[in-house]
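Chains as they are written, first to last, in this note's numbering: chain A, 148 to 428; chain B, 4 to 213.
You may find that some hints are simply not true.
Claimed, not checked - Per the computed footprint, the stretches of chain B lying under chain A, defined by three or more beta-carbons under 8 Å from a beta-carbon of chain A, are: (1) 62-68; (2) 79-87; (3) 90-102; (4) 109-122.
Since the hints were derived computationally from the structure, they do not count as laboratory data.
Heads up, the beta-carbon is just placed ideally off N, CA and C, and yes, glycines get one too.
Residues per chain are reported as follows:
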Amino acid sequence: MSLFRGTIRPPAVLSDEAVERNLAAIRAELQPDPLFRRRLRGEVMNRYVAAREGIGATPRRRSMGALGRAVLYATFTLAVTSTSVLAASQEALPGDLLYPLKRHVEVLRVQVLPGHLHDDLAALALAERISELGHLAERGDWGRVAIQAAAVQHDYDVFLALVDAAPPGSNERYLTVLAGLVERLPDPARSAVEGAIDRRSGADPTRSVPRGPDGDPPRGNGGSTPAGGAAGGSSADGDGVDATAEPKPTKSPRPNPTPRASRAPDGAADDGGTDEVDGEQ
Amino acid sequence: MRDRPLSATLRPTLVEGPLRARVRTATGLGEDASVDELAMAATAGDVEAVGRLYDALVEPVYRYVALRLRRREDAEDVTQLVFERIVAALPRYRHNGRPFAAWAFRIARNAVIDHQRRLRPTEPLGAIAEPSDGVLLEALSLRDEEIRELRAAIRCLTPDQQEALALRYGAGLSAEEAARVMGRQAGTIRGLTFRAIEALRRSLRREQGA
Chain A
148 MSLFRGTIRP PAVLSDEAVE RNLAAIRAEL QPDPLFRRRL RGEVMNRYVA AREGIGATPR
208 RRSMGALGRA VLYATFTLAV TSTSVLAASQ EALPGDLLYP LKRHVEVLRV QVLPGHLHDD
268 LAALALAERI SELGHLAERG DWGRVAIQAA AVQHDYDVFL ALVDAAPPGS NERYLTVLAG
328 LVERLPDPAR SAVEGAIDRR SGADPTRSVP RGPDGDPPRG NGGSTPAGGA AGGSSADGDG
388 VDATAEPKPT KSPRPNPTPR ASRAPDGAAD DGGTDEVDGE Q
Chain B
4 MRDRPLSATL RPTLVEGPLR ARVRTATGLG EDASVDELAM AATAGDVEAV GRLYDALVEP
64 VYRYVALRLR RREDAEDVTQ LVFERIVAAL PRYRHNGRPF AAWAFRIARN AVIDHQRRLR
124 PTEPLGAIAE PSDGVLLEAL SLRDEEIREL RAAIRCLTPD QQEALALRYG AGLSAEEAAR
184 VMGRQAGTIR GLTFRAIEAL RRSLRREQGA
């Protein structure tokens, strides 16, 4: 019994012949199946011929170059930005950065659309001005309310010209809608609008004004409204368009809202409005 | 006999594949056209050259793939994929002095890696070490215990050693060609192969001594 029995025993020798035999066996197993090999050969040849002849070959997608990708991204960004700006401008009010863009879009719309839609657009523009006036009044921006009243007056003139040119009775719906819009305005804004309208009516009593559905007549109190206080100074353009409707009693003769309008913080409703109206005329 | 290096035993045993064989059919290229010449002819539109190229490459590619994947079905699928990719990429092949075999085996290597990557998340850990479904390539090759031990020993090598062994002794590539395929230096491939063979020898000796 030797202590070195385990250590002095020589290690098992790996026979090279055995390794060679085993590797040869492995290699024999690694041959592809003859059927597979024949089938794959046919497929490869068919694919090559089809590709060469262009038969059944799917058109290779050309990858977009860096320049094309940059142009694509820039176009997409520009489109998104333009759309966003245009959408945002439609909510702009006088004095906002995007308000000129909004007005420009309205002008473009008039230029692009056919003539028979111009009266619709004029009514829409007038409604938009009145709505802006209401927002300004809610905001308490009295200085801009007066300026906006001048804009309302201008759009009202444009609208009247188109309405007068249209067959009688064809634009009654506009008048109804506009009268409804005026009715919904806050009192100071309404007085400014009415003042602007009355100013035109005072200058040319035959002109029609927006009336309520029941055909209330206009009030001849132009000189008492904040914007209309100076309206007497504004000259009528006297375009000679005949009135299509006789003045009728107003639906609900409301008290003159002058005191409210004159409560404007900066008093701009009196002076600024007058100047702008004259400037507009 | 024991003084003879194992690599010297392996080399003539495994490497007598079609890469070294000359084509039999007669074309305009001649019967002894090399793989590179066949590839250039195939690129120029020679259909027969494509067939001869396939004949020259199918066995090395299949052996390489089978050594890396072990399952016969997987080996056939990936081999088919490799040739589809080779045919698709053939019009873009330019012979710049680099062997076509290296180019083709790079495609094969990428296909094998893609396949292994796809299988890895779904295959249980024990499935690779001890297959039991009866359809594994290993099961088909179990002729005796020694073959089983050799294949088990190959599985214990590092991935790089297995790759080098499969390229050099399965596909029959030279060290330079295998280096191009693996993106290494030829000396690195020789070192990997040497260490792989040494590890195999140690492993088999241990098995027989136990």
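Going down the list of hints, with the structure as the test:
1. 62-68: holds (count 3)
2. 79-87: Holds: 5 residues of the region 79-87 of chain B have a Cβ under 8 Å from chain A.
3. 90-102: Result for this restraint: holds, n = 4.
4. 109-122: violated (count 0)
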